[in-house]
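Here are the chains, one letter per residue:
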Amino acid sequence: MTATMIRWSRALRLPDAALGLLGLLGLALLWELYKALGPADGWSIGGTRVLPRTTDLAMPHTWDVLIRLGEPLTAAPGAPPLWVAVAQASLFSLGIALAGWAIGVVVGFALAVLMARVRVAENAVLPLVVLSQTVPLIALAPVVRSWGSRIQVAGVTWEAWMSVAVIASYLAFFPVAVGALRGLQSPETLHTELMRAYGTGWWTTLVRLRLPASVPYVLPALRLAAANAVVGTVVAEVSTGLPGGVGRMILEFANFASSDPARPWAPLMGAVALGLLVAGLVGALGLPLARYRRTEVPA
Amino acid sequence: MRRTTRARIAAVGVAAVALTGCTVTDEETPGQDPAPGTTAEADGDLTPVTLQLQWLTQAQFAGYYAALDQGYYAEEGLDVTIVPSGGDIVPQDALANGEVDYAIAWVPKVLGSIEQGAQITNVAQIFERSATLQVAFADSGITTVEDLEGRQIGSWGYGNEWELFAGLNQAGVEDFEIVQQAFDMNALLSGDIDAAQAMTYNEYAQLLEAENPETGELYQPEDFTVIDWNEVGTAMLQDAIWADAERLESDEDYQETTVAFLKASLQGWVFARDNPEQAAEIVTAAGSTLGTSHQLWMTNEVNRLIWPSTTGGIGTVDPAAWDATVAMALETSNETGATIISSEPPENAYTNEFVERALAELEEEGVDVTGEQFEPIEVTLNPGGA
Chain S
1 MTATMIRWSR
11 ALRLPDAALG
21 LLGLLGLALL
31 WELYKALGPA
41 DGWSIGGTRV
51 LPRTTDLAMP
61 HTWDVLIRLG
71 EPLTAAPGAP
81 PLWVAVAQAS
91 LFSLGIALAG
101 WAIGVVVGFA
111 LAVLMARVRV
121 AENAVLPLVV
131 LSQTVPLIAL
141 APVVRSWGSR
151 IQVAGVTWEA
161 WMSVAVIASY
171 LAFFPVAVGA
181 LRGLQSPETL
191 HTELMRAYGT
201 GWWTTLVRLR
211 LPASVPYVLP
221 ALRLAAANAV
231 VGTVVAEVST
241 GLPGGVGRMI
251 LEFANFASSD
261 PARPWAPLMG
271 AVALGLLVAG
281 LVGALGLPLA
291 RYRRTEVPA
Chain A
1 MRRTTRARIA
11 AVGVAAVALT
21 GCTVTDEETP
31 GQDPAPGTTA
41 EADGDLTPVT
51 LQLQWLTQAQ
61 FAGYYAALDQ
71 GYYAEEGLDV
81 TIVPSGGDIV
91 PQDALANGEV
101 DYAIAWVPKV
111 LGSIEQGAQI
121 TNVAQIFERS
131 ATLQVAFADS
141 GITTVEDLEG
151 RQIGSWGYGN
161 EWELFAGLNQ
171 AGVEDFEIVQ
181 QAFDMNALLS
191 GDIDAAQAMT
201 YNEYAQLLEA
211 ENPETGELYQ
221 PEDFTVIDWN
231 EVGTAMLQDA
241 IWADAERLES
251 DEDYQETTVA
261 FLKASLQGWV
271 FARDNPEQAA
281 EIVTAAGSTL
291 GTSHQLWMTN
301 EVNRLIWPST
311 TGGIGTVDPA
321 AWDATVAMAL
331 ETSNETGATI
341 ISSEPPENAY
351 TNEFVERALA
361 ELEEEGVDVT
371 GEQFEPIEVT
381 LNPGGA
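Chains as they are written, first to last, in full-length UniProt numbering: chain S, 1 to 299; chain A, 1 to 386.
These are calculated hints, taken from the structure and not from any lab test.
Ideal placement from N, C-alpha and C gives every residue a C-beta, glycine not left out.
Some clues are possibly wrong.
[Unchecked claim] Below are the DMTMM-like pairs computed for lysine to aspartate or glutamate, each with C-alpha atoms no more than 25 Å apart in a straight line:
#1 S:35 - S:64
#2 S:35 - A:214
#3 S:35 - S:71
#4 S:35 - A:335
#5 S:35 - A:211
#6 S:35 - A:192
#7 S:35 - S:56
[Stated by the list, open to error] Partner residues are not named here, just some residues of chain A that face chain S (Cβ under 8 Å, in silico):
#8 57
#9 87
#10 97
#11 185
#12 186
#13 289
#14 383
Generate the whole structure from the sequences, applying the supplied hints.
What follows is the structure in structure tokens.
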């Protein structure tokens with residue numbers, strides 16, 4: 001599918017951005033097509049909804065959502081247009097997501113190096129790493145906030161957004177830890193034995209052999225971590241009620257699904273844009289490492 | 001070597017974006033409430049106090065935001081930080097864990113927490129009346145609790161359902177289906193449920209801000225029937241100010257702070273009663289994105305839950321209403337047969353000691369704390385609450 005699309009875009013000499021825009025238009029078209037042709041009451045099997053309703057309440061027209069984005073947030077004088085409010089909220093969440101991503105990457109990589117160095121650590125830590133992802137966020141959020149509120153180290157007070165960043169990093173570190181470990185263990189025995197024959201120490205082997213070899217594994221993991229960090233930020237904002245971000249906006253606007261149906265979609269679009277932006281930023285991170293990306297493996 | 005340097009630059013760049021992203025928006029995002037304790041050091045003379053709300057910033061909490069905006073807290077020597085809540089923050093737990101100094105929560109929910117071991121005390125019952133409704137379409141034939149027999153009934157759950165169950169228990173209605181309701185009223189409007197849970201100050205207004213597809217105009221109150229738990233007799237006490245029971249017992253500074261906090265908070269509610277438009281604006285300025293007419297509607301409806309105060313002054317816990325709530329908490333069983341509590345709450349679950357001192361000080365200053373002359377204003381709702 002993707003391969004065909006790439007071939008098309010090459011044949012038509014379309015830049016990647018135009019292809020992305022086409023995909024977006026296609027999605028909008030699909031939405032409108034279903035809205036026009038789908039049953040007004042949707043479709044349920046034995047009380048379980050399979051297809052959504054197509055009413056304006058459940059699925060506002062795409063252009064209504066766009067028009068709504070241009071209108072002011074509220075009727076109050078000086079209220080910003082909705083898209084400005086959404087963009088501000090998305091930027092706020094972007095900062096937290098990037099902070100969470102950075103913490104997650106550092107922690108994940110450190111764990112991977114530890115597990116690669118000490119075999120016992122791999123046996124002891126890896127199951128815990130996997131287990132950590134089964135803890136539901138709904139249980140985690142109040143605990144992190146509670147711990148955070150007790151931290152007051154000389155002049156540095158724990159701020160509410162830090163709890164959200166920690167929760168985001170909790171989701172982000174997992175693919176990095178697993179991906180980097182696979183990458184660090186990826187050199188063939190032949191290569192590691194060669195290093196041993198040279199009489200190099202473990203750390204030199206790490207820097208000269210294992211780290212370069214891990215790049216094709218780590219880059220996809222970083223992208224996964226970025227997506228996780230965004231999801232973690234949005235969900236943790238909802239969960240802890242941190243004001244200012246796009247997650248909180250989703251929660252707040254959910255109230256208006258009946259009376260202003262186009263409005264709750266606006267922060268969702270903000271969240272999507274946020275995810276794309278972060279993925280793009282992380283993708284750019286891979287450019288200087290191009291030399292090591294001979295074969296990139298899916299994480 | 002060259003390549004590692006470049007990678008390093010890229011990494012530093014990302015970190016820089018992360019940092020600027022945070023600092024810039026910290027300053028620019030409206031309603032960015034600071035975390036507990038952030039402003040404490042700035043004003044050395046003021047006692048830092050944090051108040052945990054039970055939901056997002058909205059006019060349901062207008063009195064506290066008004067007290068902050070009008071400087072009532074500062075006059076009492078307090079530096080108050082108001083912490084809004086989110087999906088998973090339980091205010092009484094945050095208070096019992098010592099994360100905050102005071103919390104706003106409904107009485108029946110907290111009674112459950114107290115039985116689980118939370119050491120907290122109701123020091124001021126702000127809302128005298130219940131705001132919970134069960135709303136149905138006028139043509140559904142639902143006008144009384146008995147009519148809910150055999151119906152699909154919407155409820156948010158999470159402790160918001162107890163008045164409904166008390167009403168159903170009282171009316172002997174046993175055949176019904178409880179449907180988990182979302183934050184919007186779409187389930188009612190599209191006919192998925194027969195009766196929806198709604199707060200007078202929020203969801204009921206959402207209905208009146210929505211367009212009726214049959215007329216092309218907004219829905220009118222005549223389009224709906226409303227079951228009001230105050231009239232049915234199964235209303236339970238809602239928004240109250242809770243304090244740490246152990247600190248109330250032993251910490252004299254906390255006792256004084258409690259009186260000062262209550263005095264300023266009550267004064268904030270008096271301000272919201274006398275200046276509803278201004279109070280609504282204060283809440284919006286504090287970071288609420290509710291529409292102007294919706295915010296004013298909420299302020300007005302919340303005022304109606306408080307004023308006129310028949311208990312001798314805003315915040316006073318009416319022992320009869322308390323006992324009624326406790327009795328319902330003991331007797332009411334939900335669809336799984338569970339009750340909120342299994343034994344009477346401890347003596348210190350509520351006290352009027354501090355609110356009476358606060359009220360005495362306010363009365364001495366000539367503040368009207370009963371609002372006998374209170375008249376709600378007329379609020380016209382706009383489409384979407386704009």
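Status of each hint after checking the structure:
1. S:35 - S:64: Cα-Cα ~13 Å, so holds.
2. S:35 - A:214: 20 Å, holds
3. S:35 - S:71: 24 Å, holds
4. S:35 - A:335: 37 Å, violated
5. S:35 - A:211: Measuring from Cα to Cα gives roughly 19 Å; hence the hint holds.
6. S:35 - A:192: With a Cα-Cα distance of about 19 Å, the restraint between residue 35 of chain S and residue 192 of chain A holds, given a limit of 25 Å.
7. S:35 - S:56: This hinted pair holds, its Cα atoms lying about 9 Å apart.
8. 57: Hint holds; residue 57 of chain A Cβ to chain S Cβ min 7 Å, cut 8 Å.
9. 87: 5 Å, holds
10. 97: This hint holds: residue 97 of chain A lies near chain S, its Cβ roughly 5 Å from the closest one there, short of 8 Å.
11. 185: Holds, because the Cβ-Cβ distance from residue 185 of chain A to chain S comes to roughly 4 Å (cut-off 8 Å).
12. 186: 5 Å, holds
13. 289: 5 Å, holds
14. 383: Hint on residue 383 of chain A: holds, closest Cβ of chain S at ~7 Å, below 8 Å.
Checked against the numbered hints given earlier, this structure breaks only hint 4.
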